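Colleague: These are the residues of each chain, in order.
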Amino acid sequence: MSTARPRRSPSGYGRLTPLWFLAPAVLALLVIGIYPTLFAAVTSLRRYNLTRSRDGFPFVGLDNYQQVLSDPTFWETLGRTAKFFLCVMPFEIALGLGIALLLHQPGLGGLRALARVSLVVPLATTYAVVGLLGRLIFNRDFGIANSFIGLFGLPSFDWLGNSAGAFAAICVMDVWQWTPFCALIFLSGLSMVPVEIEEAARLETASKIALLRNVQLPYLLPGLTAMLILRSADVLKLFDVVFTMTRGGPGAATELISVYIQRVGFRVFDLGTASAQALLLLIITIILARVYIRFFYREIE
Amino acid sequence: MRPLLRNMGAAIALLGSALWAASPAAAQAQAWDIAKAAAPYKGTQLNVIFLDRPGYRAIIKLLPEFEKQTGIKVNYEIVPYENTREKEVLNFNSKGDLSIALVDLVWIGEFAENGWIVPINKLSGDPAITDPNLNLKGFFPLLLDAFGSWGGTTYGLPFDNYSGLLFYNKCMLKDAGFDKPPATWDELANTYAPKLTDPSKKQYGYALQSLRGETQSADSFMRMLWPAGGSLLDKSFRSNLGGKDSQAGLQFRQNLMKYMPPGVVSWDHAEAVNALAQNQVAMITEWSAFYSTLTDPKTSKLGDCLAVAPEPAGTAGRLPALGGFSLAVASQASEKEQKAAWIFIQWATSEAIAKPYVQAGGVSGRMAVYDDPAIKTAYQFVDPMVASWQKGVPEFRPRFPAWPAVSEIVAEFGSKMMLGEVTTEQGAKEIGARMEAILQKEGYYDGKKKLLQ
Amino acid sequence: MPRIGRLLHGAGLLAVFAVTIFPFYWMVSSSFKTQTDLLASPPVWLFTPTLANYADVFADQKVVGAIVNSLVVAVFSTGLAVVLGTPAAFALARYEFRGKSDLWFWFISNRFISPIVLALPIYLVAQNIGLLDTHLVLILVYITFILPIVVWICTDQFRSIPRDLEEAARLEGASQFDIFWRIYLPLGVPGIAVSAIFGFIFSWNELLYALVLTRRAVQTAPVVATSFMSGYELPWGKIMATGTVIVLPVTIFALLVSRHMVRGLTMGATK
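Residue numbers (our numbering), protein chains in the order written: chain R, 1 to 301; chain L, 1001 to 1453; chain G, 2001 to 2271.
Just so you know, these hints were derived from the structure itself, not from any lab. Treat the numbers as computed from the prediction; the structure is a model and nothing was measured. Note that beta-carbon positions come from the ideal geometry of N, C-alpha and C, so glycine has one too. Among the hints, a few may not be true.
To be verified - One-sided and incomplete, this derived list gives chain L residues near chain G with beta-carbon spacing under 7 angstroms:
#1 1077
#2 1080
#3 1083
#4 1090
#5 1094
#6 1270
#7 1426
Stated by the list, open to error - Under the rule of at most 27 angstroms between Cα atoms (straight-line distance), these lysine-lysine pairs were calculated in the DSSO-like manner:
#8 2100/G - 1061/L
#9 1235/L - 1258/L
#10 1336/L - 1298/L
#11 1122/L - 1073/L
#12 1068/L - 2062/G
#13 1448/L - 1429/L
#14 1073/L - 1355/L
#15 1391/L - 1244/L
#16 1258/L - 1201/L
#17 2100/G - 1087/L
#18 1301/L - 1170/L
#19 1174/L - 1301/L
#20 1073/L - 2062/G
#21 1258/L - 1087/L
#22 1298/L - 2062/G
Given only the sequences and the hints, what does the whole structure look like? Please build it.
Modeller: Structural data, given as structure tokens:
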């Protein structure tokens, strides 16, 4: 290092080169995003109720956080959100993987293309419309869901009118909407397996499971990590579907954390508390993402 | 003491306006030349939020006439009810562009205490911009008191008001041997409903929309509380839900559920109205505004079977649900806009347009229009609605600023009660504790704040 | 055996197709039903279609305007996010520098925060600088959550491009920008296309910011869709027709680029 440093490193770029490429995106995010985030952080330290703006917005230290942490509804809704995540994620991963394998299997080109293309439809459907559609599909009298379970000889079920049913209904809609996303990511992963390796492995073993575990799995893990990160963040923010479908009811059966935050933030207008809640969620999401990366992400050997 | 004070305040306000109306100046000016009054404000733009409901569609239909006469432009933005308060609160907090506030009955305390709306006496004193036929006494007193006034001061004029009514299927009642609607809740539950309910045929006597949200807290929970003599709060603003009468009301609702279709906890207005319209239930209690939906052959199979009556009476008398809005001048508007806004509000709620307004599908808060035989015969809901507005409790839902927060709690535990997840006693306790914590923070218990609801 | 396998494979693919498409089909078919058919119990499969709902929807000028607004916002926010995001992705994929993985994570984490609490400060700022109810404010806000996706997908996509191509170009004296522009962008098209689809879908469907930040002028499609259920009635036919009208453009766009889907969503499954 004592010799004069060449203007360009052996890899062919200067020390500042990355900066030029990164600067626009970083600046854009900073300029647009940093103020609102800081504002939320500061707000979380104040008593900040928009419907009491006459009383001013005094700083109250960590009171809001303390209040949130001791608020049973916060924990209940957070727990319910976790339950929701744990209910939908295994289905989305398992079905997504199954669909990806079906699509990856050679043969039946036309049908495969049709199925692959259809996967885009749920993803593209407006979330608020998904909720409305759910309300139509799961209606007790004129909903199609009951006709389907009727085919299996089951009696009509009042999906949205009871706690378990409503929870199941929002899970079904979520699985419908997001399984294709998982399927596409897995399919991408499968297609990255070098053809020679896959062919060789197919010759060696007839077992699909062995093939999956030994050859394909490494290519699926990065996608799985991405899926877990994105879905965790999105489930913690999930609002439109639930709100248009059940408003969090009946009772509190489908009140997920974001529905609760919306209620505190935009019904009660207690933005101090809502900000504290949202920042706590941000921290949870970051921790989760780090954990996923740590445990599931493997560079491919 | 408190209601007395409030009533006195309202009485004084009314008296004042009555005296003013009786003054010679007012007597002379017969027809108001609105064009002349509005001349200085020609070209003023007014911004207001409207809803997608019949009352607004009706005024929008009449609006071109107003704009032509006055040269004042009214820009309305149609917003879902769910987002209305959010939009208004944000707008008022950021000194936005709204010049008129659309005030739901339960927001009046919040809007008034924050100083977002202007008391009408600041404007009504100026004869240049005040309709000589303003005649505040011509509004149903209950409406002006409940919708327009807070703490004895009048802020807004009633607009798009509803009363809870009993809509029922005459034919189904007749088949079951009843030739008139139930007069009391007791009758409804114990005489009528059992005969009208047959779950095997998917026939139910009664349905109560109880979706979590304002529907649960206002339409379902409060509707059963008041007629039984119960109330949310006692005189010192402590929870009264544990009281004998309140519990009786809530228990009554639980018992009534066996005559309701399963799943009413997920029903909003649309589902309840539709169940009646499709002959699945015999009776519902709904807002007067649904009359047009129920008479429209496109949405309703009822035809001549539809009939309307006042809500049944409880042990405490007839205390039907009360809902709707008022229009008030926003404080953030410039003086010129405020005056123009005042002219518009008077026009929209005036006796002069009451009849065309009703004919366009709106519901006026003016008494006189309902004496008109043409209106009476054309609209079946008029008589029961007028009967319902004779007497009532303005604080059917407390109108203080804490209501939105309290309403969320009532909605949550109210629907949990219906689902049987908590008993009415447990639920009352939960609501009570949480509600009192909110009211404590508001300063109602340490004398910092007057006990107004 | 292979025949049975083939049969099962076909059946599986058909099932996937049927299940994914069914709710969409149900929405579209409901949009052609009269209120009576819609409320029939049990639901009807065969009915005489009506165009009344669509007539209703298009009589309402709002819907057409909203589609245009959504289109403007989605195209520009996605376009800008791609313009800003691809160079950043290139840098993250190709250069070594301190704090790289933290920077990558920071990009991603911009998607994590709940919009509910950001809406207020954004509203206040927008109101102050007169951006409320403009396309621009929505475009800017949407960039913040599309950009992370673009950076994520494109970084992985760029990493999958063999280095030899770059070496060859460098020996011929290409600048870093040339390498990015001539090699990485063209070869990274699948990733860029996929991130563009997702960006487009996200901004097309976004509701919460759109509700708070728009008034009359730039109401977007989801805002209008939800406004139909706000009255006291639920006109299911009209709601489903609006839903169809809203979902169709984004679906078509997604279908157009869907052939890139598979190559583009590698999410780091490459080295």
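Colleague: Give a verdict on every hint.
Modeller: Outcome of the hint check:
| no. | hint | in the structure |
| --- | --- | --- |
| 1 | 1077 | 5 angstroms, holds |
| 2 | 1080 | 3 angstroms, holds |
| 3 | 1083 | 6 angstroms, holds |
| 4 | 1090 | 6 angstroms, holds |
| 5 | 1094 | 4 angstroms, holds |
| 6 | 1270 | 4 angstroms, holds |
| 7 | 1426 | 31 angstroms, violated |
| 8 | 2100/G - 1061/L | 61 angstroms, violated |
| 9 | 1235/L - 1258/L | 34 angstroms, violated |
| 10 | 1336/L - 1298/L | 45 angstroms, violated |
| 11 | 1122/L - 1073/L | 23 angstroms, holds |
| 12 | 1068/L - 2062/G | 24 angstroms, holds |
| 13 | 1448/L - 1429/L | 25 angstroms, holds |
| 14 | 1073/L - 1355/L | 23 angstroms, holds |
| 15 | 1391/L - 1244/L | 24 angstroms, holds |
| 16 | 1258/L - 1201/L | 14 angstroms, holds |
| 17 | 2100/G - 1087/L | 42 angstroms, violated |
| 18 | 1301/L - 1170/L | 13 angstroms, holds |
| 19 | 1174/L - 1301/L | 17 angstroms, holds |
| 20 | 1073/L - 2062/G | 20 angstroms, holds |
| 21 | 1258/L - 1087/L | 40 angstroms, violated |
| 22 | 1298/L - 2062/G | 23 angstroms, holds |
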